[in-house]
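Asker: The residues making up each chain are set out below.
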Amino acid sequence: MAWIAIKMLVGDRAKFVGIVLGLTFASALMTQQGSIFCGMLLRTGALISDVAGDDLWVMDPGVQFVDDVRPMRESELDRVRGVPGVKWAVPLYKGNGRVRLTFNPDDLKEKTYSPDRLRNDRRESARPSAPSNIFTRGLNLFVRGAGDLDSPPPRWYTPDDVNVVETVVLVGVDDVSMIGAPARGAMVGPGPRGRMWVGRPEDLRRPDAILVDRVGLRRLFPGCRLEKPFDDPPESEEAYLARLEAFVRAAPEIEMNDRRAVIVGVCEATRTFQSNPVVFTLYSRAKRFMPMERKMLTFILARTGKDADGASPVAAEVAERIRERTGLAAWTGREFAFRTIKYYLIYTGIPINFGVTVTLGFLVGTAIAGQTFYNFTIENLKQFGSLKAMGASNVQIVGMILLQASLAGSLGYGLGVGLSALFGMKTLDRWGNSTELASFTPWQLLPITATAIALICVLASLVSAQRVLRLEPAVVFRS
Amino acid sequence: MAIDPTPTAPPPAVRIRGLSKRFGSGEREVKALDGVDLDFQAGKLSLIVGPSGCGKTTLLSVVAGILDADAGEVSIFGETITSMGDRARTRFRARRIGFVFQQYNLLPALTAAENASIPLVIAGWRKAPAVARAAEVLASIGMAGKVDSLPAQLSGGQMQRVAIARALVHDPSLLVCDEPTAALDHESGLAVMGLLRHAADQPDRAVLVVTHDNRVFHLGDRIAHMDDGRVARVEDRGPDLSAA
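Chain order of the listed sequences is F and D. For the first sequence, this note's numbering assigns the number -17 to the initial residue and increments by one for each residue that follows. For the second sequence, this note's numbering assigns the number 6 to the initial residue and increments by one for each residue that follows.
Quick caveat, the hints were computed from the structure, so don't treat them as lab data. Any given hint could turn out to be false.
To be verified - Result set (DSBU-like, lysine-lysine): computed pairs, CA atoms no more than 35 Å apart in a straight line:
# : chain 1 : residue 1 : chain 2 : residue 2
1 : D       : 151       : F       : -3
2 : D       : 49        : D       : 36
3 : D       : 132       : F       : -3
Starting from the given sequences, assemble the full structure and let the hints guide the process.
Answerer: Here you go:
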């Protein structure tokens, strides 16, 4: 009977496509929204995932998540170092700093762009930069009193010096070990892949040196298009790297807390939840870049080693010892990341908003697929009646309906997850880093979506099946 | 009106006694069957005729085991179908009864051979042998060239032939046909009745046809005239095959 069920389903192409599209929509929406949700939540712990080499994060016991900065006394560092099982412990500063800079975009472009690119850019700058398409033209028709959108402020295409005041995530890494700095090695090119575009972490030892993250360049140097290669015509990685190197040589000085800061390199950092630029410097210098407070130590990064008796305790055990002996909170990186995610889940409306969207996807998918499937069954009622009259049992008929539902469900699920995966891939840049949209699909999301789709199919087939089961086979003799 | 079988006749293939069926209740109650007694012999083509609403189709539905009677008994080749449970009756239908419907009821997505193979598939046959057997039956009724055609590619007469092949493919003991010629022109109707006539020419098979098409009455061996839920009269005669 299985092949009959499949031919019945596939034979009515319009209905079949309708059912599969409904399920695809539901599956895609649930997976995609779920992925964005997970991606956003992972960004909340961006700093934790970017720091490598440590086992434990030690902090004030009141800290609930990674952005909840509660400074500790510097002496806490020595107390942690004294806990058995701690191999080493280093300070890490994390705070929101403010940078000020003044630069002339034309000057910077002249020093970083190739001559051809510069000519093109000047030609483009002479044109209005506001987009003009059917949407903007329609908008101008409807929003007449809101001014001409095609006339942006003149400073964008006849630029003078631009003043930038921007909040940044300031990370101060240990002066000696540089634990917490971006991983060594270039982002592209031969050799092991690190997190540096231009320069090396060791360059931070130069006077007033800072590293800035690539994506943050967009906010710090607006209009200079330093954050990614040119799209049209496409810029090669080598040309882009050369442009970034030229930028580092020509970058203007930056002011942080009335102190001079010099960009010595560009690194890659996982985007933060607030998407602020990330600035790395040494711990001692970070304290100068921030308004002075009595306590400045934000986190202590620790590595577990051997006990005095030679035993190797696990990180969780050492964390427990740190908690007992110092009264500070100590978590493994994974625990701290989940703690941060948990905070956002509990104390922000993000899960509710996403939950509503996912639920809507489920309901709309159920409505579309369920209704189409139900209609399909109702239209085939006479055929099912004939099969019943000819001796097909209820079990066989229900089996046929379930098979049809599972086939449509499997196809819809596969297409939906595929579309969501494509969307996820589209959110990545050419080096596999996430862009504005964060999308991360943990494997757990796939069975959850599959269960939801199966539920839709079971619901739709149950409603349809009960009509068929109640059907008197004598209906076949009524013309 | 009770019709007693003649004492010398062989046991009837279909034996109906005191069959009653009502629809609705109260003032809206309709007596579709009102104490019907009838016998039909194997090897014969039996027609049930009468005006619309006289209970022909209800009688056929109860005999075929797809509608419960309120009272009475129906035996088919000695097995009392009215006393069977739902499952047993479903199995009995699958094994012993073939159906021909007025509107053919072919599955539009299946080819002629696939449609004709359905009773075998219901009985548990695998697809390939079932379709091959159905193709043989289709060939035997002059449809060899249409085995792979979809119903939409067939004429009304051809679709009814496929339906007859479907009804015969599992070699049933009883063939029940509801107005098989109603949707066909005269020529196609006669051709279809000819096939049914041929199907009835087997000593272990009875063929019951409900019809109000008086152009085919002459093909029946026994004609039961119904009126108002009762059997008004029964004509027994040899078939006149000259026109078939």
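Asker: If you draw a straight line from the CA of residue 151 of chain D to the CA of residue -3 of chain F, is it 35 Å or shorter?
Answerer: holds, 27 Å
Asker: Given the hint that residue 49 of chain D pairs with residue 36 of chain D, does the C-alpha gap stay at or below 35 Å?
Answerer: OK: residue 49 of chain D and residue 36 of chain D at ~29 Å, within 35 Å.
Asker: Tell me if the straight-line CA distance from residue 132 of chain D to residue -3 of chain F falls inside 35 Å.
Answerer: The hint holds at about 25 Å.
Comparing the model with each earlier hint shows no violations; every hint is respected.
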